[in-house]
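*Asks:* What follows is each chain in one-letter form.
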Amino acid sequence: MSGSIQDTFFEECEELLEATDEGLTAIEGGDHDSEVVNAIFRAVHSIKGGAGAFGLDDLVAFAHRFETVFDEVRSNRLDLDEKLIQLLLRSSDHLSALVEVARDGGQVDEAHHDTLLAALDEYIPEEEEDLTFEPMGLGGPAPMMDLGDLGGAPAEPQEETYRIRFQPLKEMYGTGNEPFFLFQALKDLGELTVTMDENELPGFDAMDMAEAYLAWDLVLVTKETRSKVEAVFEFVEGLCELSIEGDGDAEAEANALAALDAMFSAPPAAETPEPDAGSAVPFEPPVPAPEPEAKPAAAEEKASAPKAESGKQEQRGGPKPTLRVELERVDRLINAVGELIINHSMLAQQIANLNVSDTRDVETELEGFKNLARDIQEGVMAIRAQPVKPLFQRMARIVREASAATGKTCKLVTEGENTEVDKTVIERLSDPLTHILRNAVDHGIEKPEDRESAGKAKTGEIRLSASHRSGSVCIEIKDDGAGVNRPRVKQIAIEKGLIPENAELTDGEIDNLLFAPGFSTAREISNLSGRGVGMDVVKNAVTGLGGRINISSAPGKGSTFTIILPLTLAVMDGMVVSVADQTMVVPITSIVETMRGSDDMINSLGADGTLLSIRGNFVPICDVAGGLGLYRESEQQAGVYLLVETETGQRCALAVDDIHDQRQVVIKSLDGVCGDIPGVAAATILGDGKIAMILDPESIIAASPTAAAFDTERRMSNAS
Amino acid sequence: MQAEVKQTDQEVKHAEHSEFVSFTVAGQAFCLKITQIREIRRWSPVTILPHAPADVLGVMNLRGAVIPIYDLSARFGLQQTEASERNVVIVVSVHGKPVGLLAESVSEIISINPDDIQDTPPVDSRNTMEYIQGIISHDDTMVRIINLDAVISAPEQVMP
Chain A
627 MSGSIQDTFF EECEELLEAT DEGLTAIEGG DHDSEVVNAI FRAVHSIKGG
677 AGAFGLDDLV AFAHRFETVF DEVRSNRLDL DEKLIQLLLR SSDHLSALVE
727 VARDGGQVDE AHHDTLLAAL DEYIPEEEED LTFEPMGLGG PAPMMDLGDL
777 GGAPAEPQEE TYRIRFQPLK EMYGTGNEPF FLFQALKDLG ELTVTMDENE
827 LPGFDAMDMA EAYLAWDLVL VTKETRSKVE AVFEFVEGLC ELSIEGDGDA
877 EAEANALAAL DAMFSAPPAA ETPEPDAGSA VPFEPPVPAP EPEAKPAAAE
927 EKASAPKAES GKQEQRGGPK PTLRVELERV DRLINAVGEL IINHSMLAQQ
977 IANLNVSDTR DVETELEGFK NLARDIQEGV MAIRAQPVKP LFQRMARIVR
1027 EASAATGKTC KLVTEGENTE VDKTVIERLS DPLTHILRNA VDHGIEKPED
1077 RESAGKAKTG EIRLSASHRS GSVCIEIKDD GAGVNRPRVK QIAIEKGLIP
1127 ENAELTDGEI DNLLFAPGFS TAREISNLSG RGVGMDVVKN AVTGLGGRIN
1177 ISSAPGKGST FTIILPLTLA VMDGMVVSVA DQTMVVPITS IVETMRGSDD
1227 MINSLGADGT LLSIRGNFVP ICDVAGGLGL YRESEQQAGV YLLVETETGQ
1277 RCALAVDDIH DQRQVVIKSL DGVCGDIPGV AAATILGDGK IAMILDPESI
1327 IAASPTAAAF DTERRMSNAS
Chain B
28 MQAEVKQTDQ EVKHAEHSEF VSFTVAGQAF CLKITQIREI RRWSPVTILP
78 HAPADVLGVM NLRGAVIPIY DLSARFGLQQ TEASERNVVI VVSVHGKPVG
128 LLAESVSEII SINPDDIQDT PPVDSRNTME YIQGIISHDD TMVRIINLDA
178 VISAPEQVMP
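As given, the protein sequences belong to chains A and B, one line each in that order.
Residue 627 is where the first sequence starts when you use our numbering, and the numbers rise one by one after that.
Residue 28 is where the second sequence starts when you use our numbering, and the numbers rise one by one after that.
Don't take every hint at face value.
[As the list claims (entries may be wrong)] The calculated DSS-like cross-link candidates involving lysine-lysine, where the alpha carbons are at most 30 Å apart (straight line), are:
id : chain 1 : residue 1 : chain 2 : residue 2
1  : A       : Lys1122   : A       : Lys1073
2  : A       : Lys1049   : B       : Lys60
3  : B       : Lys124    : A       : Lys1316
4  : A       : Lys1015   : A       : Lys1084
5  : A       : Lys1037   : A       : Lys1104
6  : A       : Lys796    : A       : Lys946
[Claimed, not checked] Facing chain B, from chain A, some residues (calculated, C-beta under 10 Å):
id : residue
7  : Gln1208
8  : Leu1296
9  : Gly1298
10 : Ile1317
11 : Met1319
[As the list claims (entries may be wrong)] DEER-style ranges, computed between Cβ atoms:
id : chain 1 : residue 1 : chain 2 : residue 2 : range
12 : A       : Leu980    : B       : Pro72     : 53 to 61 Å
13 : B       : Thr168    : A       : Asp1207   : 55 to 63 Å
14 : B       : Asp142    : A       : Arg950    : 49 to 57 Å
15 : A       : Ser1056   : B       : Asp146    : 48 to 56 Å
16 : B       : Ala92     : A       : Gln810    : 52 to 60 Å
17 : A       : Arg950    : B       : Pro72     : 41 to 49 Å
18 : A       : Leu980    : B       : Met169    : 35 to 43 Å
19 : A       : Gln976    : B       : Ala92     : 18 to 26 Å
20 : B       : Asp142    : A       : Ile1009   : 53 to 61 Å
21 : A       : Leu980    : B       : Ser164    : 47 to 55 Å
22 : B       : Asp146    : A       : Gly1235   : 18 to 26 Å
Keep in mind the hints are simulated off the structure, nothing from the lab.
Small disclaimer: the values here were computed from a predicted structure and weren't measured.
In this text, a Cβ means the ideal position worked out from N, Cα and C, and glycines have one as well.
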């Protein structure tokens, strides 16, 4: 139970961190609007609150400082200069790191933690700083509850006794709040006596597990102000029935009560968001939305009503209502839709097999069925699709960290953040992108002084963009650094025995050496990149997603990595071919051209090698049947060629027996059915109910002796 | 589903007898506990898996799921089956995943008293021994009880 609530908290944290990042990026871009600052403040505040509920002290303490600095900014006591913005960005990164540590375990970089805390403290005025020692931070700086501004200001601190009646509603437990922590926080304020009232507890039979029955009567003797006491309950506001009676003088009490009333009755619309919003975002209820109105700094005491109004508007303009759905449910739906598509093609085949003269009506309906099925499929896929924005924001963090580690200055410019890509693709893109970006900072971007002498801006620019391009997603990472150092790349490749010493390679071929297994340019293993993992890992990750990666580079101007990925992982366009009496599917993305070959187009090279001549160019032929270890029972020869291009730009003609059709196929993973089969990527189910293998041209070519041999031969012949 | 099976297992324990489905593979009689079997289908040509070992016939479409089909005979180290329309595919569930086993033909459902199951006497065919849990005498013929986990989890590497 608590596990799942904690999960929800971390999910929320992710969103809040995103919001923080987004806000800070906007501020960095020059948008110092108070709304932006408020949004960040609220996000950090919510993280702090949640972390408090789970007793994550490190996180609370840090979030608190961070928030306090923001409070200063919010009240215009601090100027957002470049230095502060950089500090805030770094702090936000650190906050993410702390959340990660809290979630996954691990170690916080203590030194970094302390440096940041010290740096943040510099911006916090003395008296505020005192508050940072407040336990758990549950109370926070508590400007919002400062009744001093609203009611009569309490005089000098003196012992006072508060009688608190606290009765949580079940919603409070639902949001992961825990009375124990509240009591603990109260206890830190003074002497506390807790009495539990279990009168409402029903008999065991009548008990509803989800209901809240318990109430507590608390007596607190403290020197602290009433506002401090109330602040403890800040996060459970609206989630419990709470009455606090102090035995101070009656007038003050009346004032305070009036003020309390004002807080709990007038703006609740803004405080507690619409119930549905609350349930969709379980952690949200203590939305600190009303905080702006309680700013003590606002000397011009505005009435609370119009501000509550503005709070409301904010929420209206905020994120669209969303629904949290278990991923598994969506996947089940996707599977069902896959079945539907297969079912459609089976039906079509059955009808075609029927001996009916006039099938036009049925075909019209069948066409409608097909369109509907496709609509549903696209709709379901859209559920899984997510904007790349969070991923890109994380990448901004990577670039900042990398820049700090290398002493270079770079900024990441992102484009097309709202491009939507399948969730799995996004998840699996994170590592390759991180790698590429670290490399770009470490190897691509020059040192500031070098950049200046080269006549470039001191700050390097890395452009990360995403866009849809005819059925696939294109992700581009472009830096304005020095470009690939080709002589050195070649030197290293020769040293590592990747290419023969006398090889003559085109610029493109040299650039692609970066992707070769076992290639790493870093002379010494730097902190950042070069952990013994090369760009080949990046390439494998991308090809694992059914995508391709290319590099282009211009010396002195920078390099561009282009990643082309399929839109979804569940359906793809394929060409249905037959190979040795088996029906197979070749992904359409890898096919450049198809042609029917005649004898005079085939040239022998050596004993076994054959080349296909296409408009004067010779391309090695790779027999698919041979590559897969299949033997033709019939005498039919492979007479149709699919011209495919590999990532290295190498072309190869795949010889198949025949081409049947081009159609959308549902990808069925072979994981768990059999081991890894070289040359086969996955399987699909065809219209006749038969299973067909989906081929992986890349690995077929790699396994084919002809094509591989030809590749070396060409290199050698280039060299001579 | 899972719960159902468990319950049946318990019933089996309480009852004296448990039911087994007997079938022939390469002329020999084998059997599987009836609760292990999901369905029995007529053989239809499968899709060949490239580079697959000899005892993996290929994959079949079972209502939208891709399931592997093993040749039990080859798996037991007997001769390879020339699969035809007369043969059957016994679909079993191993670790929640459906798997098809090619057998020559299904014979009957037999009721076995657990006490009648005899341990497999040692013979010189290691391949077969591994996959046999015990033997039983039924109508004067010997029926071999298959150890399903051993059959399926046995190494199934892909030949290079």
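*Asks:* Classify the hint on Met1319(A) as holds or violated, based on whether any CB of chain B lies nearer than 10 Å to its CB.
*Replies:* holds (7 Å)
*Asks:* Within 49 to 57 Å or not, the Cβ separation of Asp142(B) and Arg950(A)?
*Replies:* holds (55 Å)
*Asks:* Using the beta carbons of Gln976(A) and Ala92(B), state whether their distance is inside 18 to 26 Å or not.
*Replies:* Because 21 Å falls inside the window, the suggested range holds.
*Asks:* For the pair Asp142(B) and Ile1009(A), does the Cβ-Cβ distance stay inside 53 to 61 Å?
*Replies:* holds (56 Å)
*Asks:* Would the pair Lys1049(A) and Lys60(B) pass a check requiring their Cα atoms to be no farther apart than 30 Å?
*Replies:* violated (42 Å)
*Asks:* Just to be sure I understand the hint, the distance between the Cβ atoms of Ser1056(A) and Asp146(B) should be within 48 to 56 Å; is that true here?
*Replies:* holds (54 Å)
*Asks:* Given a hint of 53 to 61 Å, does the C-beta separation of Leu980(A) and Pro72(B) actually sit inside it?
*Replies:* Given a distance of about 23 Å, which is not inside 53 to 61 Å, the answer is violated.
*Asks:* Check the hint pairing Lys1122(A) with Lys1073(A) against an upper bound of 30 Å on the C-alpha distance.
*Replies:* holds (28 Å)
*Asks:* Check whether the Cα positions of Lys1037(A) and Lys1104(A) lie no farther apart than 30 Å.
*Replies:* Holds - the C-alpha atoms of Lys1104(A) and Lys1037(A) are around 12 Å apart, at most 30 Å.
*Asks:* For Lys796(A) and Lys946(A), compute the direct alpha-carbon distance and say whether it is at most 30 Å.
*Replies:* holds (26 Å)
*Asks:* Using the C-beta atoms of Asp146(B) and Gly1235(A), is the stated range 18 to 26 Å upheld?
*Replies:* Since Asp146(B) and Gly1235(A) have Cβ atoms about 59 Å apart, the given range 18 to 26 Å is violated.
*Asks:* The hint names Leu1296(A) as touching chain B; please verify it with the least Cβ-Cβ distance against 10 Å.
*Replies:* Holds, about 7 Å.
Checked against the numbered hints given earlier, this structure breaks hints 2, 12, 13, 18 and 22; the rest are met.
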